[in-house]
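> Here the sequence shown stands for residues -21 to -1, 1 to 417, where the numbers follow mature numbering (1 follows the signal peptide of the UniProt record, and there is no 0).
Heads up, a few of these hints could be off.
To be verified - Simulated pairs of lysine to aspartate or glutamate, EDC-like, Cα-Cα distance not exceeding 16 Å: (1) K40 <-> D65; (2) K262 <-> E23; (3) K394 <-> D285; (4) K394 <-> D318; (5) K262 <-> D318; (6) K255 <-> D318.
Hints in this document: simulated from the structure, not taken from any laboratory.
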Amino acid sequence: MLKKTLLSAAIALTLASGAQAAEVSEEIIQESFFPYADGAPSFEGLKAGMVINQSNVEQFKDVLDPAMYMFVKNGDTEVKVGETTDFALHPSYIEATRKYSADVQLGEGHGELSDTVAGRPFPAEPSLDDPRAGEKLAWNYKYGYNWGDSAAITPFYWTMRDMESGNKERTIKMNFHFLNFTHRTSQEPYPEITPNPSELFRGIYVQVLEPFDVKNTQLLIHRFEDDTKLDNAYLYLGFQRRVRRLSTGQTTDAFLGTDVMIEDFEGYNGRISDMKWTYKGTKNLLMPMYNHNDMVLDTETHQDDDGYQVIAFGGKGGCFPEITWQLRKVYVVESEPVDPNHPISKRQHYMDAQTFIIPRNITYDRKGDMWKSWTIGQTHPDHHLPVNKGTGVSIDDSFTMIDIQANHCTTGQFKGIVDPELSPVDKFSVQNMRASGR
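Put together the whole structure using the sequences plus the hints.
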(Lines of atoms letter the chains of each structure in order from A and count residues from 1; the text may use other names and numbers.)
(Lines give C-alpha, C1' and ligand atoms only; values in the text may rest on other atoms or scores of the structure.)
Protein backbone atom coordinates (compact mmCIF):
# COMPACT_ATOMS: atom_id res chain seq x y z
CA MET A 1 0.00 0.00 0.00
CA LEU A 2 2.82 2.41 0.91
CA LYS A 3 4.54 1.70 -2.42
CA LYS A 4 1.34 2.50 -4.35
CA THR A 5 0.83 5.69 -2.32
CA LEU A 6 4.38 6.87 -3.07
CA LEU A 7 3.92 6.04 -6.77
CA SER A 8 0.68 8.03 -6.95
CA ALA A 9 2.36 10.94 -5.19
CA ALA A 10 5.28 10.84 -7.63
CA ILE A 11 2.93 10.82 -10.60
CA ALA A 12 0.92 13.70 -9.17
CA LEU A 13 4.11 15.71 -8.62
CA THR A 14 5.28 15.07 -12.19
CA LEU A 15 1.91 16.03 -13.63
CA ALA A 16 1.82 19.15 -11.51
CA SER A 17 5.22 20.36 -12.70
CA GLY A 18 3.68 22.29 -15.59
CA ALA A 19 0.27 22.89 -14.06
CA GLN A 20 -1.90 25.77 -15.18
CA ALA A 21 -2.90 28.52 -12.78
CA ALA A 22 -6.53 27.40 -12.86
CA GLU A 23 -7.73 24.02 -11.66
CA VAL A 24 -10.99 22.16 -12.20
CA SER A 25 -13.20 22.53 -9.16
CA GLU A 26 -13.50 19.61 -6.78
CA GLU A 27 -17.27 19.60 -7.25
CA ILE A 28 -16.85 18.97 -10.99
CA ILE A 29 -14.21 16.28 -10.36
CA GLN A 30 -16.46 14.44 -7.92
CA GLU A 31 -19.50 14.59 -10.20
CA SER A 32 -17.51 13.48 -13.25
CA PHE A 33 -15.47 10.64 -11.77
CA PHE A 34 -17.58 9.46 -8.83
CA PRO A 35 -21.22 9.61 -10.01
CA TYR A 36 -22.31 6.87 -7.59
CA ALA A 37 -20.77 8.33 -4.42
CA ASP A 38 -24.26 9.11 -3.07
CA GLY A 39 -25.75 5.82 -4.23
CA ALA A 40 -26.55 3.90 -7.38
CA PRO A 41 -29.35 4.98 -9.76
CA SER A 42 -32.66 3.19 -9.40
CA PHE A 43 -35.69 2.29 -11.46
CA GLU A 44 -38.99 1.09 -10.07
CA GLY A 45 -39.06 -2.71 -9.78
CA LEU A 46 -35.51 -3.20 -11.07
CA LYS A 47 -33.29 -5.24 -8.73
CA ALA A 48 -29.94 -6.97 -8.97
CA GLY A 49 -30.37 -10.68 -9.58
CA MET A 50 -33.52 -10.39 -11.66
CA VAL A 51 -33.84 -11.27 -15.35
CA ILE A 52 -35.52 -9.13 -18.00
CA ASN A 53 -37.15 -11.26 -20.68
CA GLN A 54 -40.23 -11.31 -22.92
CA SER A 55 -42.53 -11.57 -19.92
CA ASN A 56 -41.50 -8.29 -18.28
CA VAL A 57 -39.61 -6.29 -20.92
CA GLU A 58 -42.34 -3.67 -21.30
CA GLN A 59 -41.96 -2.80 -17.62
CA PHE A 60 -38.26 -2.06 -18.13
CA LYS A 61 -38.31 -0.62 -21.65
CA ASP A 62 -37.05 2.75 -20.39
CA VAL A 63 -33.76 1.31 -19.08
CA LEU A 64 -32.95 -0.48 -22.35
CA ASP A 65 -31.67 1.11 -25.53
CA PRO A 66 -33.90 0.52 -28.60
CA ALA A 67 -31.88 -2.40 -30.02
CA MET A 68 -31.65 -4.28 -26.72
CA TYR A 69 -35.35 -3.74 -26.14
CA MET A 70 -36.03 -5.25 -29.57
CA PHE A 71 -33.79 -8.28 -28.94
CA VAL A 72 -35.39 -9.02 -25.58
CA LYS A 73 -38.93 -8.46 -26.89
CA ASN A 74 -38.23 -10.88 -29.75
CA GLY A 75 -36.90 -13.52 -27.35
CA ASP A 76 -33.40 -13.40 -28.83
CA THR A 77 -31.78 -12.86 -25.44
CA GLU A 78 -32.42 -12.05 -21.78
CA VAL A 79 -30.79 -9.37 -19.64
CA LYS A 80 -29.47 -10.46 -16.26
CA VAL A 81 -29.29 -7.49 -13.89
CA GLY A 82 -26.23 -6.99 -11.66
CA GLU A 83 -25.31 -4.50 -8.95
CA THR A 84 -24.17 -1.05 -10.08
CA THR A 85 -20.50 -0.80 -9.12
CA ASP A 86 -17.80 1.85 -9.07
CA PHE A 87 -15.42 1.68 -12.06
CA ALA A 88 -13.02 4.27 -10.64
CA LEU A 89 -10.28 5.34 -13.04
CA HIS A 90 -6.61 5.53 -12.04
CA PRO A 91 -5.87 8.39 -9.58
CA SER A 92 -3.22 9.80 -11.93
CA TYR A 93 -5.79 10.33 -14.69
CA ILE A 94 -8.14 12.08 -12.27
CA GLU A 95 -5.26 14.23 -11.00
CA ALA A 96 -4.32 15.17 -14.57
CA THR A 97 -7.92 16.27 -15.19
CA ARG A 98 -7.82 18.39 -12.04
CA LYS A 99 -4.56 20.07 -13.10
CA TYR A 100 -4.88 20.47 -16.85
CA SER A 101 -8.51 20.64 -17.98
CA ALA A 102 -9.72 23.98 -16.60
CA ASP A 103 -8.61 25.97 -19.63
CA VAL A 104 -9.24 23.47 -22.43
CA GLN A 105 -11.33 25.00 -25.22
CA LEU A 106 -12.80 23.85 -28.51
CA GLY A 107 -11.30 25.50 -31.56
CA GLU A 108 -13.29 27.46 -34.10
CA GLY A 109 -13.05 24.68 -36.67
CA HIS A 110 -14.55 21.22 -36.43
CA GLY A 111 -12.10 18.79 -34.83
CA GLU A 112 -9.92 21.54 -33.36
CA LEU A 113 -8.95 21.69 -29.70
CA SER A 114 -6.64 23.89 -27.66
CA ASP A 115 -3.45 22.31 -26.34
CA THR A 116 -4.08 19.60 -23.76
CA VAL A 117 -1.62 17.66 -21.63
CA ALA A 118 -3.57 14.78 -20.10
CA GLY A 119 -6.81 13.88 -18.38
CA ARG A 120 -10.46 14.40 -19.34
CA PRO A 121 -10.71 17.57 -21.46
CA PHE A 122 -14.28 18.51 -20.50
CA PRO A 123 -15.21 17.06 -17.10
CA ALA A 124 -18.19 19.38 -16.49
CA GLU A 125 -21.69 18.02 -17.06
CA PRO A 126 -22.94 18.47 -20.64
CA SER A 127 -25.88 20.75 -21.36
CA LEU A 128 -28.58 20.43 -24.02
CA ASP A 129 -28.32 24.20 -24.38
CA ASP A 130 -24.71 23.86 -25.54
CA PRO A 131 -24.68 23.25 -29.33
CA ARG A 132 -21.17 21.73 -29.09
CA ALA A 133 -21.79 19.49 -26.07
CA GLY A 134 -21.66 16.37 -28.24
CA GLU A 135 -18.27 17.37 -29.61
CA LYS A 136 -16.94 17.87 -26.08
CA LEU A 137 -18.15 14.40 -25.08
CA ALA A 138 -16.45 12.95 -28.16
CA TRP A 139 -13.14 14.53 -27.07
CA ASN A 140 -13.62 13.01 -23.63
CA TYR A 141 -13.91 9.63 -25.34
CA LYS A 142 -10.84 10.17 -27.52
CA TYR A 143 -8.69 11.21 -24.56
CA GLY A 144 -10.31 8.75 -22.18
CA TYR A 145 -8.67 6.02 -20.16
CA ASN A 146 -9.76 3.08 -22.32
CA TRP A 147 -6.87 0.57 -22.01
CA GLY A 148 -4.94 3.15 -19.98
CA ASP A 149 -1.64 4.30 -21.47
CA SER A 150 -0.99 0.96 -23.16
CA ALA A 151 -2.33 -2.59 -23.11
CA ALA A 152 -2.69 -5.75 -25.17
CA ILE A 153 -5.35 -8.31 -25.98
CA THR A 154 -3.55 -11.59 -26.33
CA PRO A 155 -5.22 -13.67 -27.55
CA PHE A 156 -8.39 -12.21 -29.07
CA TYR A 157 -10.98 -14.52 -30.70
CA TRP A 158 -13.44 -13.25 -33.34
CA THR A 159 -16.13 -15.72 -34.38
CA MET A 160 -18.56 -15.24 -37.26
CA ARG A 161 -21.96 -16.82 -36.69
CA ASP A 162 -25.17 -17.36 -38.60
CA MET A 163 -27.76 -15.99 -36.23
CA GLU A 164 -30.60 -18.20 -37.48
CA SER A 165 -28.83 -21.55 -37.40
CA GLY A 166 -26.24 -20.77 -34.73
CA ASN A 167 -23.49 -22.21 -36.93
CA LYS A 168 -19.98 -20.96 -36.24
CA GLU A 169 -18.68 -20.13 -39.69
CA ARG A 170 -15.14 -19.08 -38.86
CA THR A 171 -12.95 -18.07 -35.92
CA ILE A 172 -10.00 -15.71 -36.27
CA LYS A 173 -7.40 -15.58 -33.51
CA MET A 174 -5.49 -12.31 -33.18
CA ASN A 175 -3.39 -10.13 -30.93
CA PHE A 176 -4.25 -6.45 -30.47
CA HIS A 177 -1.90 -3.83 -29.02
CA PHE A 178 -2.62 -0.23 -27.96
CA LEU A 179 -0.19 2.57 -27.12
CA ASN A 180 -0.77 6.23 -26.27
CA PHE A 181 2.19 8.39 -27.28
CA THR A 182 0.75 11.44 -25.54
CA HIS A 183 -1.73 12.18 -22.72
CA ARG A 184 -0.05 9.56 -20.55
CA THR A 185 -0.54 9.53 -16.78
CA SER A 186 0.17 6.12 -15.25
CA GLN A 187 2.93 4.39 -17.25
CA GLU A 188 6.33 6.02 -17.66
CA PRO A 189 7.20 8.15 -19.48
CA TYR A 190 4.48 10.72 -18.86
CA PRO A 191 2.87 12.82 -20.12
CA GLU A 192 4.34 11.75 -23.50
CA ILE A 193 6.80 9.45 -25.24
CA THR A 194 9.76 11.20 -26.82
CA PRO A 195 11.01 11.45 -29.45
CA ASN A 196 7.69 11.59 -31.30
CA PRO A 197 8.59 13.33 -34.58
CA SER A 198 5.28 12.46 -36.27
CA GLU A 199 3.33 13.90 -33.31
CA LEU A 200 1.24 10.76 -32.90
CA PHE A 201 -1.44 10.47 -30.25
CA ARG A 202 -2.13 6.74 -30.46
CA GLY A 203 -1.07 3.56 -32.18
CA ILE A 204 -3.10 0.37 -32.74
CA TYR A 205 -1.38 -2.77 -33.98
CA VAL A 206 -3.12 -6.02 -34.92
CA GLN A 207 -1.56 -9.35 -35.89
CA VAL A 208 -3.59 -12.37 -37.01
CA LEU A 209 -2.42 -15.74 -35.65
CA GLU A 210 -5.02 -18.15 -37.10
CA PRO A 211 -6.38 -19.55 -39.41
CA PHE A 212 -3.65 -20.30 -41.90
CA ASP A 213 -5.11 -18.44 -44.91
CA VAL A 214 -4.99 -15.09 -43.09
CA LYS A 215 -2.10 -15.79 -40.72
CA ASN A 216 0.26 -12.85 -40.29
CA THR A 217 -2.19 -10.34 -41.70
CA GLN A 218 -1.30 -7.17 -39.82
CA LEU A 219 -2.96 -3.81 -39.33
CA LEU A 220 -1.26 -0.66 -38.05
CA ILE A 221 -3.08 2.60 -37.32
CA HIS A 222 -1.35 5.86 -36.44
CA ARG A 223 -3.68 8.53 -35.04
CA PHE A 224 -2.25 12.02 -34.79
CA GLU A 225 -2.45 14.52 -31.98
CA ASP A 226 -3.82 16.91 -34.61
CA ASP A 227 -7.29 15.48 -35.18
CA THR A 228 -7.69 17.28 -38.49
CA LYS A 229 -4.84 15.20 -39.93
CA LEU A 230 -5.88 11.94 -41.61
CA ASP A 231 -4.85 8.73 -39.84
CA ASN A 232 -2.06 6.70 -41.36
CA ALA A 233 -3.22 3.10 -41.72
CA TYR A 234 -1.18 0.19 -43.07
CA LEU A 235 -2.07 -3.39 -43.92
CA TYR A 236 0.34 -6.31 -44.30
CA LEU A 237 -1.02 -9.33 -46.16
CA GLY A 238 0.97 -12.49 -45.46
CA PHE A 239 0.47 -14.03 -48.88
CA GLN A 240 1.69 -10.85 -50.60
CA ARG A 241 4.54 -10.24 -48.13
CA ARG A 242 4.28 -6.48 -48.43
CA VAL A 243 2.88 -3.48 -46.58
CA ARG A 244 0.38 -1.25 -48.30
CA ARG A 245 -1.37 1.94 -47.22
CA LEU A 246 -5.09 1.76 -46.52
CA SER A 247 -7.25 4.41 -48.10
CA THR A 248 -9.70 6.29 -45.91
CA GLY A 249 -12.67 4.41 -47.40
CA GLN A 250 -11.26 1.01 -46.46
CA THR A 251 -11.74 1.69 -42.76
CA THR A 252 -15.48 1.26 -43.36
CA ASP A 253 -15.13 -2.07 -45.19
CA ALA A 254 -15.83 -5.36 -43.42
CA PHE A 255 -12.61 -6.21 -41.55
CA LEU A 256 -11.41 -9.68 -42.61
CA GLY A 257 -14.93 -10.55 -43.74
CA THR A 258 -16.49 -9.95 -40.30
CA ASP A 259 -19.45 -7.75 -39.40
CA VAL A 260 -17.04 -5.17 -37.95
CA MET A 261 -15.51 -2.13 -39.65
CA ILE A 262 -12.12 -0.81 -38.57
CA GLU A 263 -14.04 2.35 -37.71
CA ASP A 264 -16.16 0.31 -35.25
CA PHE A 265 -13.25 -0.73 -33.01
CA GLU A 266 -13.81 0.19 -29.34
CA GLY A 267 -17.17 1.79 -30.13
CA TYR A 268 -15.66 4.38 -32.46
CA ASN A 269 -12.22 4.28 -34.04
CA GLY A 270 -11.88 7.41 -36.09
CA ARG A 271 -11.22 11.12 -35.93
CA ILE A 272 -13.51 13.49 -34.06
CA SER A 273 -13.46 15.66 -37.19
CA ASP A 274 -14.95 12.85 -39.30
CA MET A 275 -18.31 13.16 -37.55
CA LYS A 276 -20.86 15.74 -36.47
CA TRP A 277 -21.53 15.05 -32.78
CA THR A 278 -24.83 15.81 -31.06
CA TYR A 279 -25.60 15.35 -27.36
CA LYS A 280 -29.10 13.87 -26.98
CA GLY A 281 -29.38 13.76 -23.20
CA THR A 282 -28.45 11.83 -20.08
CA LYS A 283 -30.23 8.62 -19.08
CA ASN A 284 -29.97 5.75 -16.62
CA LEU A 285 -29.64 2.65 -18.79
CA LEU A 286 -28.53 -0.95 -18.36
CA MET A 287 -24.96 -1.32 -19.60
CA PRO A 288 -22.86 -4.51 -20.09
CA MET A 289 -20.47 -3.94 -17.17
CA TYR A 290 -19.58 -6.69 -14.71
CA ASN A 291 -16.92 -8.72 -12.89
CA HIS A 292 -15.30 -11.23 -15.25
CA ASN A 293 -14.55 -13.75 -12.52
CA ASP A 294 -18.26 -13.98 -11.65
CA MET A 295 -19.54 -14.57 -15.18
CA VAL A 296 -20.29 -17.68 -17.26
CA LEU A 297 -16.97 -18.68 -18.84
CA ASP A 298 -16.24 -20.59 -22.04
CA THR A 299 -14.44 -23.86 -21.34
CA GLU A 300 -13.90 -24.74 -25.02
CA THR A 301 -12.53 -21.66 -26.80
CA HIS A 302 -9.68 -20.80 -24.46
CA GLN A 303 -8.17 -21.90 -21.18
CA ASP A 304 -4.68 -20.94 -20.07
CA ASP A 305 -2.46 -23.04 -17.85
CA ASP A 306 -3.29 -20.51 -15.13
CA GLY A 307 -6.99 -21.25 -15.60
CA TYR A 308 -8.05 -18.05 -17.38
CA GLN A 309 -11.13 -18.53 -19.58
CA VAL A 310 -12.98 -16.15 -21.86
CA ILE A 311 -16.64 -15.11 -21.61
CA ALA A 312 -19.22 -17.61 -22.92
CA PHE A 313 -21.91 -16.69 -25.46
CA GLY A 314 -25.55 -17.74 -25.75
CA GLY A 315 -28.93 -16.44 -26.87
CA LYS A 316 -30.08 -16.54 -30.47
CA GLY A 317 -27.31 -17.86 -32.69
CA GLY A 318 -24.83 -17.69 -29.80
CA CYS A 319 -24.60 -13.96 -30.50
CA PHE A 320 -24.99 -12.61 -26.95
CA PRO A 321 -22.40 -12.63 -24.13
CA GLU A 322 -23.43 -14.44 -20.95
CA ILE A 323 -22.92 -11.47 -18.65
CA THR A 324 -24.77 -9.20 -16.22
CA TRP A 325 -25.84 -5.62 -16.94
CA GLN A 326 -25.69 -2.63 -14.56
CA LEU A 327 -27.98 0.38 -14.36
CA ARG A 328 -25.61 3.28 -15.03
CA LYS A 329 -25.54 6.97 -15.88
CA VAL A 330 -25.15 7.25 -19.65
CA TYR A 331 -24.66 10.10 -22.11
CA VAL A 332 -26.54 9.54 -25.37
CA VAL A 333 -24.54 10.98 -28.27
CA GLU A 334 -25.32 10.83 -31.96
CA SER A 335 -22.62 10.97 -34.63
CA GLU A 336 -23.32 11.69 -38.30
CA PRO A 337 -20.58 11.27 -40.93
CA VAL A 338 -19.33 14.44 -42.54
CA ASP A 339 -18.59 12.48 -45.74
CA PRO A 340 -21.86 12.04 -47.71
CA ASN A 341 -20.48 8.82 -49.22
CA HIS A 342 -20.09 7.13 -45.85
CA PRO A 343 -22.00 3.78 -45.68
CA ILE A 344 -23.99 4.79 -42.59
CA SER A 345 -26.32 7.69 -41.80
CA LYS A 346 -25.56 7.84 -38.07
CA ARG A 347 -24.54 6.02 -34.91
CA GLN A 348 -26.14 6.33 -31.52
CA HIS A 349 -23.43 6.02 -28.88
CA TYR A 350 -24.26 5.20 -25.27
CA MET A 351 -21.24 6.57 -23.38
CA ASP A 352 -20.71 5.51 -19.79
CA ALA A 353 -20.59 8.75 -17.79
CA GLN A 354 -17.92 7.55 -15.35
CA THR A 355 -15.40 5.92 -17.70
CA PHE A 356 -16.30 7.39 -21.14
CA ILE A 357 -16.10 3.98 -22.74
CA ILE A 358 -18.85 3.16 -25.26
CA PRO A 359 -20.43 -0.15 -24.19
CA ARG A 360 -23.38 0.20 -26.60
CA ASN A 361 -23.76 1.52 -30.15
CA ILE A 362 -26.59 1.36 -32.66
CA THR A 363 -25.66 1.95 -36.30
CA TYR A 364 -28.19 3.09 -38.91
CA ASP A 365 -27.86 2.57 -42.67
CA ARG A 366 -28.07 5.32 -45.27
CA LYS A 367 -31.88 5.02 -45.36
CA GLY A 368 -32.02 5.59 -41.61
CA ASP A 369 -32.98 2.00 -40.73
CA MET A 370 -31.41 0.19 -37.78
CA TRP A 371 -28.55 -1.84 -39.21
CA LYS A 372 -26.06 -3.00 -36.57
CA SER A 373 -25.96 -3.40 -32.82
CA TRP A 374 -22.62 -3.22 -30.98
CA THR A 375 -22.09 -4.43 -27.43
CA ILE A 376 -18.70 -4.35 -25.75
CA GLY A 377 -18.78 -5.90 -22.30
CA GLN A 378 -16.57 -4.26 -19.68
CA THR A 379 -15.08 -6.00 -16.67
CA HIS A 380 -13.83 -4.33 -13.52
CA PRO A 381 -10.01 -4.71 -13.49
CA ASP A 382 -9.95 -5.89 -9.88
CA HIS A 383 -12.04 -8.95 -10.80
CA HIS A 384 -10.02 -10.16 -13.76
CA LEU A 385 -6.37 -11.14 -14.20
CA PRO A 386 -4.15 -10.31 -11.21
CA VAL A 387 -1.93 -8.10 -13.40
CA ASN A 388 -4.91 -5.80 -14.07
CA LYS A 389 -5.81 -5.21 -10.43
CA GLY A 390 -5.43 -1.59 -9.38
CA THR A 391 -4.91 -0.28 -12.93
CA GLY A 392 -8.18 1.67 -13.00
CA VAL A 393 -8.79 0.45 -16.56
CA SER A 394 -12.27 -0.69 -17.53
CA ILE A 395 -11.23 -3.85 -19.38
CA ASP A 396 -12.82 -4.67 -22.76
CA ASP A 397 -13.84 -8.28 -22.18
CA SER A 398 -16.47 -9.41 -24.69
CA PHE A 399 -18.14 -7.99 -27.78
CA THR A 400 -20.84 -8.74 -30.26
CA MET A 401 -21.60 -6.93 -33.50
CA ILE A 402 -24.99 -8.01 -34.76
CA ASP A 403 -26.02 -7.25 -38.34
CA ILE A 404 -29.76 -7.03 -37.72
CA GLN A 405 -30.65 -6.90 -41.41
CA ALA A 406 -28.47 -9.89 -42.40
CA ASN A 407 -29.32 -11.92 -39.27
CA HIS A 408 -25.61 -12.46 -38.68
CA CYS A 409 -23.09 -11.62 -35.97
CA THR A 410 -19.42 -11.49 -35.08
CA THR A 411 -18.52 -12.13 -31.46
CA GLY A 412 -15.31 -11.32 -29.62
CA GLN A 413 -13.66 -12.97 -26.63
CA PHE A 414 -10.74 -11.20 -24.95
CA LYS A 415 -7.79 -11.77 -22.73
CA GLY A 416 -6.97 -8.14 -21.98
CA ILE A 417 -3.70 -7.37 -20.20
CA VAL A 418 -2.60 -3.94 -18.94
CA ASP A 419 1.16 -4.43 -19.13
CA PRO A 420 3.44 -1.89 -20.87
CA GLU A 421 6.01 -4.56 -21.71
CA LEU A 422 3.55 -6.13 -24.17
CA SER A 423 3.24 -2.95 -26.26
CA PRO A 424 6.67 -1.35 -26.76
CA VAL A 425 7.03 1.62 -29.09
CA ASP A 426 8.84 -0.32 -31.81
CA LYS A 427 5.85 -2.63 -32.24
CA PHE A 428 3.93 0.30 -33.75
CA SER A 429 6.05 0.72 -36.87
CA VAL A 430 5.96 -0.35 -40.49
CA GLN A 431 9.40 -1.90 -39.98
CA ASN A 432 7.95 -4.19 -37.32
CA MET A 433 5.21 -5.29 -39.72
CA ARG A 434 7.77 -6.33 -42.30
CA ALA A 435 9.96 -8.10 -39.73
CA SER A 436 6.98 -9.91 -38.17
CA GLY A 437 5.73 -11.03 -41.56
CA ARG A 438 8.85 -12.94 -42.55
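> With reference to the structure, classify each hint as holding or not holding.
Checked hints:
no.	hint	in the structure
1	K40 <-> D65	violated, 24 Å
2	K262 <-> E23	holds, 15 Å
3	K394 <-> D285	holds, 12 Å
4	K394 <-> D318	violated, 35 Å
5	K262 <-> D318	violated, 29 Å
6	K255 <-> D318	holds, 10 Å
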